Amino acid sequence: MPVITDNIASLGYATPELVLAGFFLFILLADLVFTRNRGQMACTLAILGLAMTLLVTLRLYPAGERLLFAKMMAIDPFALFFKIFFVGSTAVIVLLSPATAYIPRTRQGEYYAFLLAITLGMSLLASAADLVMIVLALEMVSVTSYLLAGFMKEQAASAEAALKYAIYGAVATGTMVYGMSLLYGITGTTNLYEMPQAIARGGAAPLALFVAVLLVLVGFGYKIAAVPFHMWAPDVYEGAPTPVTALLSVGPKAAGFAVLIRFFYAALAVPAGPGRWNPVADIDWPLLVAVISAVTMTVGNLIAINQSNLKRLLAYSAIAHAGYILMGFVLLNGQGLYAMLFYLIVYAFMNLGAFLVVIALAGPLRSEELKDYAGLASRTAFPAVAMAVFLFSLTGIPPLAGFVGKFYLFAALIEAGRAWLWLAVVGVLNSVISLYYYARIVKAMFLEKGPSGRLTVASAHQVLIAALLIPTVLLGIYWAPVARFTDYSLRLLGPLAR
Amino acid sequence: MIGLHHYLVVSAVLFALGMFAIITRKNGVAILMGIELVLNAANLNFVAFSRYVWGGLTGQVFAIFVIMLAAAEAAVMLAIVIAVYDRFQSIDVDRVDSLKG
Amino acid sequence: MDLATYVLIALFAPLAGATVQIFLGRRLPRHGDWLCVGVLFVSFVASIPTFNAVWANPAFKLQILSEWLTLGSFGIPLGLQVDGLTGIMLTVVSFIAAFIHLYSVGYMHGDPRYSRYFAYLNFFTFSMLGLVLADNFFLIYVFWELVGLSSYLLIGFWFERPAAANAGKKAFIVNRVGDVGFFVGILLLWTQLGTFRFEEVFKGIAAGQMAGPLLTVTGLCVFLGAVGKSAQFPLHVWLPDAMEGPTPVSALIHAATMVAAGVYMVGRVYPVFTPDAFVVIAYVAGITAFFAGTIALTQFDIKRVIAYSTLSQLGYMMLGLATGGYVAGLFHLVTHAFFKALMFLAAGSVIHALHTQDLREMGGLRAKMPVTFWTMMAGSLALAGVPPFSGFFSKDAIIGATLGFVMAHPQHLLLALFAVGGALLTGLYAFRLMFLAFTGAPRDREKHHHAHESPPVMTVPLVVLAVFAVGAGWGGWFERLVRPPVELPHGPAGAHTLALALSLLAAGLGILLAYWTYVVGKISAGRVADRYRPVYTLLFNKYYVDELYAAGVVRPFLALTRGCAAFDLGVIDGFVNWCGRFTRGVSRVQGWIDFRIVDGAVNLVGNAIRAWGAVLRLVQTGVVQNYILVLLGGVLVILLLKVL
Amino acid sequence: MPMQNVLTWMIFAPVAGAAVVLLLPRGRDELVRWISLLATAVPLALAFWVYANFDRTSPGLQFVEHYAWIPAFNIEYFLGLDGVSAPMFLLTTLIAFLALVASWGIKEGVKGYFCLYLLLEAGMLGVFAALDFFLFFIFWEVSLLPMYFLIGIWGGPEREYAAIKFFLYTLFGSVLILLAMLALYFANEPHTFDMTKLIAANKQYGIAFQLLVFIALYIGFAIKVPVFPFHTWLPDAHVEAPTPISVILAGILLKMGPYGMLRVSWPMLPEALKVYAYPLAIFALINIVYGALVAMAQRDFKTLVAYSSISHMGFVLLGMCAIGPQGLSQAGVNGAILQMFNHGTVTAMLFLLVGVLYDRAHHRVIEDFGGLGVQMPVYAGVATVAFFAALGLPGLSSFISEALVLIGAFPAYRTLTIIAAVGIIITAGYWLWTLQRVFLGPLNPKYATLPEINGRELVTLVPLGALVLFLGVYPMPVLDLIRASADQLIALVGPLP
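Chains as they are written, first to last, in the working numbering: chain A, 1 to 498; chain B, 1 to 101; chain C, 1 to 644; chain D, 1 to 497.
Chain A with its partners taken away, still in its complex shape (with noise of 0.2 Å):
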């Protein structure tokens, strides 16, 4: 992989986070120097700052795969797809915002930069090819999500989301550092792509490698909600604005999983032919992945079954994805890879459908609660029918992106044999158990008698939701494009041939 060590000439290459970054400062200034409309203005800057950030990030696919700024971060088809990733989730939820109620007026400026800032940290995450730069990456996302979190301030539960997360997140940061601290010191190094080689020659006790991997591990899964580091996450989202935890269970999550796999992939996995992997000394982190996949779809469908709080459920429903989603993680080939793209692709259309139906009911339904759904198909047809094909997708049934989705995920573990198909089973059966809890939404909204009256939605949220909902179930039709863009997407260590 070609290198750029000139800081100049890599800052060619850095072109969306330096757009972001722009924009995120124009937007602040923009708020302090004007009077009116800021709110407006914030929005309309930031719907042009992140069309701006695609269009330069499309720009960059000649580029193919480079190392910029002295190794510490990447550039390549996996990264630019995570880009992209990002600031379509992040636009969905600046589009989203302006028919709430739940950002302040006069906060609004600070709410869109931050907006931009958080798509800033979660880019650079994705590209992150060194410690350093990933643990900065990492808290600029964190920091930035404890703020968005707490928000709402005035509002108590919004106060403690943030405060819970600010310190779960500290503590797992902090363990992560240490983690790091301990693997430079097996390595001598702090870039990824450097380290197998370091491994390799170092002999290091396997033990303190694991331990060190391990530690790592906690700062990776707190982002992506695996269990056991997923405890934050129901509560902040219960607690945070909608529209953010939206963000939270797409964004940041996804940023996760992006910065999982690089630094797996690179740092503690061998190249052992086109499109396989084999773990570098031998730790088994394919199985501990695995066994957190399978603990965390359980946990997280378990527990999703008791909710009645809308937000809450779709938590622990997030959690159970993020469950799905390991499962492609742990097979080391390129297929895994692949079907975990793509889940996150329909993952995101699905699950920001699911929140902006919750959004966009939150207005003119007063609550976010499961038992004020009841008889909502007969109040406001379209968001109940939308709601009812997101939750269907979520669950994984055709011919929904979902299903196709999860259909990659089976197939990939399938395809590895024997070894992985206790983890399809725990995969299948969990499918099973989460219709359980989508079901009870659905059968809310349209078996069940409420209270007549019909509700209007803003239509500024129909047209989202329909610009959602097209996706959701296209891509359970139709979707070769997509399967290309992915599979294009997997080079992320030189050609990763499928």
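Quick list of in silico lysine-lysine cross-link-like pairs, DSS-like style, CA-CA up to 27 Å:
1. B:100 - A:371
2. C:61 - C:203
3. B:100 - A:153
4. D:197 - D:274
5. B:100 - B:26
6. A:153 - B:26
7. C:368 - C:447
8. A:449 - D:107
9. D:203 - D:274
10. A:371 - A:449
In case anyone wonders, no lab produced these hints; they're calculated from the structure. Since the model is a prediction, treat every value here as computed from it, not as a measurement.
Once you've looked at the hints, dock chains B, C and D against the given chain A.
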């Protein structure tokens, strides 16, 4: 002669103490201090490894970044603690438990 | 027109009648009775050329072959055949059925479902004709079942009466029991010989492709079908109940269609039965012949008396077939068809006049209903086997065959006793009925007063049938047409003479006893009944067979079905419900979670899963330090697992 | 209309109808009904064309449509009919049409109902036509979702429970099918979902693999059939579902289970079948006898019909297990497929009949009726035909298929077949008993004013009744479709050891 192992042991003790503080202290600010201990344990490791094993500046630079980062984190957390105090009239974390289940 | 066309007309005319009648009957003039009666006479006329052909050449054989379905090497043939036996049966069945139809015009006059009745009656005849003509096991089974259906519809024709509805159902289900045996028998034959066709089956058996115990079992399976249809012990219980149907239907069932089917079938597939199988059949038949006769002695319902007499006579037919009297058994089938149809129609005439079926309310009808009396008398004489009435010839032949069989195999002496004892009983109960109904003083003046002779549409069939009841036994025509399909052993020479003597003696004695008891009054029926009260009660209650079935089969079976249903609801459906409850119980102790089925959508697995989810929720305390503990605990657990 | 894509037209005509219905403004209920009727009439009309042009001598696939769909995964849009699928495919169009007519009485949420109904039809048609395993699975699941809503929204008092139970049960089955499907996909090189290729490769799978995959598939399909002990969703779903949906459920949806077995498990995993054949036959027998016994004890008319379905489906399974050396497998397999078809018509009639009664009396407790034969003679007549068809009376369609099944199964499983034949007695028992309790005896004065069956209801029943009668007398028109392909299937599986 003080060697690498001493530093590592001290670092490990710091880490453990930090964790102990985080788990046992009720006061939010005290927990913040525990987190600082954990981060500094890591810093100590970085510097020690750099000094005794690998040479170069990588470890030191990492430590400096972590210090900076700890400062930023502390600032944000203090702000959040203040916001919590506004709502709960307390910074005891075990009284901030309305979200659960 | 060639003969095959006539055969097809004879077969399908009643079906056409039934089809038109069921859809259009109510809109036709006179509700279509003329149509249905007409097609039956068409059928009868069309059967005459067949009879002529057979008469001209007793070895005559006509086959109409086709395939019903073919699936590669597997096929089900569709074939009709005419030989001596079918030639006779075709003619006799269509003839008797035609007159019963005619009679029904009078009997069923004014019934609200008059048109429906004739449709059913047509269909019944069609089924029976098809059964007679079938040339393979599959087809005979098909018509066999259709006969069952028709009987169900007709027995339960007055379905507003629960007794009638019950009787129809009982007939069908009891027959089904026999049918399953029949079907299994067919399956066994098919498995061993690979064909359904009679001819090929017989050929295979003759060639020894199937023999020994397996063939015996197969034969008994097939016979089980006949046990049901021909109401042999122990599946005879449906027949007396079948009297709930309109009387002409009873006549049809007893004379020409339903019960005849079993006997006919045994005769048709005669080579399938091994000697061992015949021994079993003979005993079943003997028991039926004798015990049905004893029951008939104690009944007061005129139709039931005749019904039990039918049972008894069916026993004779089977007995004849089983003991080597192939011709005798089938001959009795034909003569019985005439005189039994006659007796039922005559009884129907009485019932029509008196509106009662109870013998105790009759008496002295001879003068009021002379035609009915004389025709019925002819029938009774034939039934009792008094020469020169038709019944004498056939029954005598059966007793002869039985005696021959017993002489050759003395260990089966019981069969001879059944046969001769049954003959005595026949004379007794036949004339008990005659004397109670027609002679003496009327016991119900009111009813007697209103009694009158039936209209000609009813009496003409009586007279016609009476002619045949008297003369059908003459001339040895039957032996000429029907030849045993297998070589039968000849009984000892003296058997026939002995049989002649014994049967005459028995019949005479029976009639004499009846005369003494019911006309002269030398023997008091009441006193005898009192003297042998337990025996009388046993007989009066038909040996309690129905009650035995109810207690031994029906009730346990219903309990079983209820048990299964409870099992289904309780055990299978409740399996994981139970798991759920168990877990729920544990949680309730902790007093934590409201497991009320909030949304009603509790499901098997659901409960358990919910419960586990609820337990897991407890960990989420809301205190962030606990979360961190879990985090550290998780790390430690993983580490421990790694180290261990 | 280009006829080389006739199957696509048939499958997607209802989808198009659903789209149109969805776009109609609120309150145009009558228009919605007519458009839906049109959308189901199109496949029905084309079904006649397909029936006429079906090559009865060819065992192979016909009306094939084969396009790449997701090339990266070798997923294809592959449709076609052969003798195994054609009868059910054609029947689906008919039942869907008739049940739509029976849906005329739906008054609430008309738009949603017909929209879901049409999607359901598309899903069912797709299942029977799909020859790509992936496509098959998609359609399989597509037929699941609308069912959930149709039961859950328009069902009886316990509808929510029944709907979720149905959904969970069948989804559980589906995921097992999914796993098995993936296992088969990867067992071939190059990986393929093409069923014809999967079948052609059936010799190369190891026996352990076959045994495992077979079980997963079997459970998946068995839940749909349903096979004891996976059957408890069925009575609930049937009882709660509105009449037309019960008709669809029993008439078509249940058949997807045995169809899946014949299409997938049998030809793809013949070695496993040989190992499992006897246990499977035992399960089939349990279905027959147990279903009949439980049916007998039911007090609710609809539950009774539901359990009778379990019993009748047992014959399908028994016939399918009769793939044997004795050359009788032709009877068994043809009989099984024919039984699928015949049960579809008969049980559809039965549920329609229950619905007619329920619409008038507003309950279904069997004992409470009585003597309706006097009050509703036409209705009673049609019901009698249906009842006797259900109890396997010769001359009506079910007899011939059940007889074929028994003939086919007898050489292989003598004892089981005899017990199954005894089950027929029980069947006769509960049907006649029900007939008696509902129609015979003195008329219950409560129901002396029940109106006779009306024209629309007759329109739904008469075609089915005619079919039952006609196929009872002459079954070849359907067997003709089946037999060539059945022969091929039998040859593929080979004789049992």
